[in-house]
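Residues per chain are reported as follows:
Protein chains: 2
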Amino acid sequence: MQISELAAASGVPITTLKFYLREGMLQRGRSTSPTRAEYGPEHLDRVRLINALTNMRGLPIAKVREILSIIDAPQGDPVEAMGSAIGALPPYDIAHESADYPHAEAVIKSLGFTFDPNFPATRHLESALEGLDHAGLEWNENILSRYRDALVPLAEAELAPMKSMDTQEAVIYAVLGTALYEPLILAIRRLAHRHLIESQTPTVDPEAPNARE
Amino acid sequence: MQISELAAASGVPITTLKFYLREGMLQRGRSTSPTRAEYGPEHLDRVRLINALTNMRGLPIAKVREILSIIDAPQGDPVEAMGSAIGALPPYDIAHESADYPHAEAVIKSLGFTFDPNFPATRHLESALEGLDHAGLEWNENILSRYRDALVPLAEAELAPMKSMDTQEAVIYAVLGTALYEPLILAIRRLAHRHLIESQTPTVDPEAPNARE
Numbered sequence: 159m160q161i162s163e164l165a166a167a168s169g170v171p172i173t174t175l176k177f178y179l180r181e182g183m184l185q186r187g188r189s190t191s192p193t194r195a196e197y198g199p200e201h202l203d204r205v206r207l208i209n210a211l212t213n214m215r216g217l218p219i220a221k222v223r224e225i226l227s228i229i230d231a232p233q234g235d236p237v238e239a240m241g242s243a244i245g246a247l248p249p250y251d252i253a254h255e256s257a258d259y260p261h262a263e264a265v266i267k268s269l270g271f272t273f274d275p276n277f278p279a280t281r282h283l284e285s286a287l288e289g290l291d292h293a294g295l296e297w298n299e300n301i302l303s304r305y306r307d308a309l310v311p312l313a314e315a316e317l318a319p320m321k322s323m324d325t326q327e328a329v330i331y332a333v334l335g336t337a338l339y340e341p342l343i344l345a346i347r348r349l350a351h352r353h354l355i356e357s358q359t360p361t362v363d364p365e366a367p368n369a370r371e
Numbered sequence: 159m160q161i162s163e164l165a166a167a168s169g170v171p172i173t174t175l176k177f178y179l180r181e182g183m184l185q186r187g188r189s190t191s192p193t194r195a196e197y198g199p200e201h202l203d204r205v206r207l208i209n210a211l212t213n214m215r216g217l218p219i220a221k222v223r224e225i226l227s228i229i230d231a232p233q234g235d236p237v238e239a240m241g242s243a244i245g246a247l248p249p250y251d252i253a254h255e256s257a258d259y260p261h262a263e264a265v266i267k268s269l270g271f272t273f274d275p276n277f278p279a280t281r282h283l284e285s286a287l288e289g290l291d292h293a294g295l296e297w298n299e300n301i302l303s304r305y306r307d308a309l310v311p312l313a314e315a316e317l318a319p320m321k322s323m324d325t326q327e328a329v330i331y332a333v334l335g336t337a338l339y340e341p342l343i344l345a346i347r348r349l350a351h352r353h354l355i356e357s358q359t360p361t362v363d364p365e366a367p368n369a370r371e
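Here the protein sequences line up with chains A and B, keeping their order. Start counting at 1 in the first sequence, then tack on 158, and there's your number in my numbering. Start counting at 1 in the second sequence, then tack on 158, and there's your number in my numbering.
Hints listed in this document are in silico derivations from the structure and should not be mistaken for laboratory results. A couple of the hints might just be wrong.
Calculated lysine to aspartate or glutamate pairs in the DMTMM-like style (CA-CA distance at most 25 angstroms, straight line) [unchecked claim]:
| no. | chain 1 | residue 1 | chain 2 | residue 2 |
| --- | --- | --- | --- | --- |
| 1 | B | Lys321 | A | Asp291 |
| 2 | A | Lys221 | B | Asp291 |
| 3 | A | Lys221 | B | Glu356 |
| 4 | B | Lys321 | A | Glu224 |
| 5 | B | Lys221 | A | Glu288 |
| 6 | A | Lys267 | B | Glu356 |
| 7 | B | Lys176 | B | Glu238 |
| 8 | B | Lys321 | A | Asp307 |
| 9 | B | Lys176 | B | Glu224 |
| 10 | A | Lys221 | B | Glu288 |
Footprint (simulated), chain B over chain A, 3 or more residues, beta carbon under 8 angstroms [to be verified]:
| no. | segment |
| --- | --- |
| 11 | 237-250 |
| 12 | 336-348 |
Virtual Cβ for every residue (Gly too), placed ideally from N, Cα, C.
My request is simple: use the sequences and hints to build the entire structure.
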């Protein structure tokens with residue numbers, strides 16, 4: 159197909175496709191004349207991938223490029239590739255003054271995971287635990303095991319399709335899946351809270367004094 | 159205690175405390191002289207609450223004020239109060255062209271929850287489902303039940319402490335808990351992914367051709 163057909167098939171304007179070509183994010187098509195190039199289904203897949211990445215909330219174009227270059231690296235340890243690709247995802251604005259993550263280290267070890275201070279989620283966990291501390295919310299072993307018990311089986315189910323994928327497919331799936339199921343998880347949790355609060359609370363008479371009085 | 163002692167106990171600078179007083183977010187202390195006021199433990203609790211809210215990523219001061227005014231409303235349906243307070247939390251930048259949430263409505267009904275187009279998580283869910291569609295990731299009934307089965311028991315455990323709280327305490331707990339356990343959930347999920355990928359993948363010889371070749 160020609161670039162105009164690639165634009166129509168992907169829903170991405172030609173000017174944007176030309177930007178992807180110039181930036182090296184999208185490979186040039188097979189030249190059929192000095193001014194024409196032919197694009198195939200692999201180009202359409204690539205445009206859809208770039209589109210999914212550029213549409214992610216908070217993912218700047220520099221990080222899109224970084225993730226694409228990890229996906230394109232033909233060699234390498236798949237675990238490391240997936241770690242780097244997921245590490246390029248937002249949030250980035252979680253500051254932490256030192257390279258020490260004392261709370262996260264204790265929690266990660268108690269969960270039976272490997273502690274790696276260079277994996278960004280370690281910093282995210284430290285910051286989450288500090289946020290709970292500052293607000294006076296608990297995170298003892300009981301509470302943490304509740305999150306582990308819910309999330310580890312979920313993570314296993316999420317990763318199951320990767321068994322039949324090659325490294326490149328697995329890295330793409332890991333990046334898209336990590337980022338795009340996160341908002342689903344948060345939305346379903348908030349909806350579950352509301353559902354449970356509604357179904358547990360007896361209907362309140364608005365004229366009655368509330369529980370505080 | 160005097161305002162300087164309140165600053166020391168809370169770790170919040172006096173200038174910030176004076177800002178909270180001017181903005182009506184913090185109640186004035188009991189006047190003991192024309193230039194002095196006495197603050198009690200209820201003021202310290204309030205400063206800690208304001209602090210927890212203002213430290214939340216992406217929560218602007220206008221929304222902090224909105225949440226505080228919901229917390230301070232002495233009357234009202236607790237379910238509605240919690241819904242409004244949670245509805246004031248980020249993310250806000252999820253645009254949706256229409257007031258129709260066809261995918262979210264179908265999913266919410268299939269999960270057995272009540273569909274309410276005005277609850278912000280409904281819009282978040284619609285946007286999450288659209289994101290999955292655009293990236294070609296699946297969200298069929300099997301996949302959704304996996305999230306429900308993990309998240310509903312978790313939500314139940316999270317809400318359990320609210321049974322012994324009055325409305326005001328429950329609204330505070332709902333707002334802080336919703337916002338502050340979210341980063342914990344996302345961090346633990348990413349750590350679980352990495353842990354599972356590492357433990358499932360046989361060690362790769364870096365000299366060997368990878369799975370793609």
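### Message
If you test the structure against every hint from before, which numbers come out violated?
### Response
4 and 7
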